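A.B. asks: Each protein sequence line maps, in turn, to chains C and F. Here the first sequence stands for residues 12 to 199, numbered as in the working numbering. Here the second sequence stands for residues 304 to 612, numbered as in the working numbering.
In case anyone wonders, no lab produced these hints; they're calculated from the structure. No experiment lies behind these values; they were computed from the predicted model shown. Watch out, some of these pointers could steer you wrong.
[Unchecked claim] DSS-like, lysine-lysine: derived pairs with alpha carbons at most 25 Å apart:
1) F:K525 / C:K169
2) F:K348 / C:K77
3) C:K77 / C:K122
4) C:K99 / F:K525
5) C:K66 / C:K139
6) C:K77 / C:K169
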Amino acid sequence: MKIRMLVWMWLLPSLLLAQDSLYFTRTGHIYFISHTEIIDIDAHNRQVGSFLNIKTGELVFTLLMKSFEFTLPLAEEHFNENYVESEKYPRSTFKGRILNLSPDDYLVAGKHPVEVEGELTIHGVTRKVRETGELTVGNGEIRANSRFTIALDDYRIKVPSIVADRVARVIPIDVVMVYKPYNPSGQK
Amino acid sequence: MGRVIQKTEAMKILLFRMLGWMMILWPYAGMAQEDLLDLLESEMKPSREFIDATFKSTRVINCHSVERMQAGDLDFRVAHRFGMLKGGLEEFFGLDESSSHVSLELGITDWMMVGAGRATYDKMFNGFVKLSPLRQARGKWPVPFTVSFYLSAMGTNKTFPDPSWEVDRQHRMSYCTQLLVARKFTPWLSLQVSPTWVHKNMVALPEDPNRLFALGMGGRLKFTPRTALTVEYFKVYNRELLSGPTRYNPLSVGVDIETGSHVFQIFLTNTFAIVENGFIFETTRSWSRNEIHLGFNITRVFTILPKRT
Numbered sequence: 012m013k014i015r016m017l018v019w020m021w022l023l024p025s026l027l028l029a030q031d032s033l034y035f036t037r038t039g040h041i042y043f044i045s046h047t048e049i050i051d052i053d054a055h056n057r058q059v060g061s062f063l064n065i066k067t068g069e070l071v072f073t074l075l076m077k078s079f080e081f082t083l084p085l086a087e088e089h090f091n092e093n094y095v096e097s098e099k100y101p102r103s104t105f106k107g108r109i110l111n112l113s114p115d116d117y118l119v120a121g122k123h124p125v126e127v128e129g130e131l132t133i134h135g136v137t138r139k140v141r142e143t144g145e146l147t148v149g150n151g152e153i154r155a156n157s158r159f160t161i162a163l164d165d166y167r168i169k170v171p172s173i174v175a176d177r178v179a180r181v182i183p184i185d186v187v188m189v190y191k192p193y194n195p196s197g198q199k
Numbered sequence: 304m305g306r307v308i309q310k311t312e313a314m315k316i317l318l319f320r321m322l323g324w325m326m327i328l329w330p331y332a333g334m335a336q337e338d339l340l341d342l343l344e345s346e347m348k349p350s351r352e353f354i355d356a357t358f359k360s361t362r363v364i365n366c367h368s369v370e371r372m373q374a375g376d377l378d379f380r381v382a383h384r385f386g387m388l389k390g391g392l393e394e395f396f397g398l399d400e401s402s403s404h405v406s407l408e409l410g411i412t413d414w415m416m417v418g419a420g421r422a423t424y425d426k427m428f429n430g431f432v433k434l435s436p437l438r439q440a441r442g443k444w445p446v447p448f449t450v451s452f453y454l455s456a457m458g459t460n461k462t463f464p465d466p467s468w469e470v471d472r473q474h475r476m477s478y479c480t481q482l483l484v485a486r487k488f489t490p491w492l493s494l495q496v497s498p499t500w501v502h503k504n505m506v507a508l509p510e511d512p513n514r515l516f517a518l519g520m521g522g523r524l525k526f527t528p529r530t531a532l533t534v535e536y537f538k539v540y541n542r543e544l545l546s547g548p549t550r551y552n553p554l555s556v557g558v559d560i561e562t563g564s565h566v567f568q569i570f571l572t573n574t575f576a577i578v579e580n581g582f583i584f585e586t587t588r589s590w591s592r593n594e595i596h597l598g599f600n601i602t603r604v605f606t607i608l609p610k611r612t
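The shape of chain F in the complex, shown without the other chains (with noise of 0.2 Å):
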């Protein structure tokens, strides 16, 4: 008995001396530890990044992205939609017909750029203005979301097939404003909603509704550095009420692809028109009849204003 309370005194006092010691060596632990390159890093405190290519492309497809130019970028673009691929070796899968758009589109500053080009499909000359006030960002004041403002004016300046129709100038134009919102969720995973409307000052009925909304998503899931699949959906309200053929939703599927300096998007979609006023309104084909086209983006990015660093 009077052993074991010698033992558990021994114990005792050996605790006590280890206590002491660790006291005692307790300042010099920090400095074995201590890692000047952790103490770096917590010196850099983050500051305030922006989250940059959402899309590659200032468009999805058929839609703009919240994407713009950067400034002193000169982009030239050439969109093609062909014929339908239903229309077999006849048509060579529509490649024999297309309908056509090329412009020129400049980034003025990190946030602005304009364009301007000319759609083959009823003959339309268009201009835009593409804003982005609000752009993702994380760090200091983050913002969850890119925020662009696409506003864009379309005219025709086309022959109406009865001469004898002398149709003005304000009423061969059409309006385009959308609110594009985007947020890319993950290096390779970016989502888009563009509600839009479309305004035409002249449509073919008096009971047909001059201005249509439609709500636009889209998307892009990148599978490598370079290429993204891309989908665009828009669900146009009230399209019913148009006279004329059925009109139905675009929805396009595609795939992005980068090298250097040139963005090629090819893709499948139900729209022959190219400019917002043709496909939001115009879209009588339908995936369902399997009247698809055949379509691609070609752009070709120059710089001509370089920045200065």
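Bound-form chain C, shown alone (with noise of 0.2 Å):
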């Protein structure tokens, strides 16, 4: 009795561990756009890391600021370069939780509002953030939809004055992830 108990005890955490809780991509896309009355500066990214735990709500992103394409090349350059200074600060993060949904909301197919609770970092500042966005559940895929904005300011970028009328200063930002059950060993 006594030494079953004891296996069970063993079996549990590795059956609890068990990820298939967890949902995952590595190519999901954010989209920006800083528009002003002389010019639009646009970017994709299409190399974002996700995970999200639907026992939990847990959702976390990362992405390679290098890693965003921009229309204008020369953008890019700046982007990486003055702004957002990729070399010291390569990633952008999140890690927060899903606020309203049980995780046999998960489940159901079709859209679900969704709250969104945690701490972004982008250029080494790391801020509590509350956005909105929609899951999609269905076809073995969840996909994910948001669209905040965020303030240059808030992350300390600076926009130097001579361009000043050139870069917007709050800038949306449109995600869209589809993530499939994560798979430890079979992902590549």
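Both chains are given apart, each in its own frame, so use the hints to dock them into the complex.
C.D. replies: If you want it as structure tokens, here you go:
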């Protein structure tokens, strides 16, 4: 009896750790645009990594700033060299959770509006943020969409006065993630 | 004595019990420390990443840098070398006199650019192609340097002093071949070595060498995100074999200032010519005699073919 219990106690954690509650993508898409009267500067990053834990609602993102591809090539260099200082702060990350869904909700096909809260780190500055989005469950995948804005000042991203009228101070950001169940050994 | 033994026995039992609990709880320890963000970072294996912006401009100062215009970007450049600073107020510190070069330079792909321009010095047209077969990269298959080849042809349409010299087109040509090797050591320090061969089809005297080899060295030290100190030096071998005035090694020191799509380079140099055949063959001024010119390069980049994303 005692032995059997001990065996269970050993096995239980590995069962709990079985990561079928994790959803994953390494090809998430983030788009932003700086819109001014003079010029629109926009970029896509299609190499955003993200995990969604449907058991806990935990949500994490990471991306390399250098993976943003700009429509204007020169803007890409300025972005990395001068604005976000990609050598010094190569990554942007988010670490937080979905507040309003229970584990079962993630299994119900259809659209679910979500509220997300967590810490967003850009340019070495971490801030607590709370944004909304939408999850679409179906076809064995979970799609996440969100649109929110960030203010450059909040992340100490400086815009020199000479280009002040060419760079927007508040940047809308579109996030599109298509999560598949996480398979630690299989995903390549 | 007996009580001491009892005590150690009790401690032994306690120790075994603790060990037992630790063994049971061990698998749970990992759970508590499971950080989803750490797991994510380890999943997103580092892919290959090119190191960009070794220099702010396609020139160190006089010399081409390893940088190219990116595909679809057109650079309109104006370069000036004024007269000597020691001309004083009468010459307005050299600003009364100037040698200039205007050019249009276009990025064809991310590893190839072409350009064409005209210099007032010796009434020189020039055209070039710059190829970068190797780009500094880290991650998978790291590459320590960026390597560019610079190939240029220069031709003059000036009238020679004696009109009876009928100099044909072939003899008006010069060529420059450069191997540019640079490394961005840190975000603020980049260094470049530039072995340079310049060939002139016609020289002043038959004994003069037609070809000179020079070893160029240059670097930039960024002191704010948008400004950098630049230095460039060419050691010109066999320059003493040239007839006429003594030739010197070109040395230039300057500052790069970047503002959006413009880069201003302002510097002090002992060269008056702007293209390679001029500053390698004909630098007759010397820093040691205080024969210094103020110079600048201004560039304006236009994106004429936006990249598709």
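A.B. asks: All hints, please: hold or fail.
C.D. replies: Status of each hint after checking the structure:
no.: 1; hint: F:K525 / C:K169; in the structure: holds, 17 Å
no.: 2; hint: F:K348 / C:K77; in the structure: holds, 15 Å
no.: 3; hint: C:K77 / C:K122; in the structure: violated, 32 Å
no.: 4; hint: C:K99 / F:K525; in the structure: holds, 14 Å
no.: 5; hint: C:K66 / C:K139; in the structure: holds, 22 Å
no.: 6; hint: C:K77 / C:K169; in the structure: holds, 18 Å
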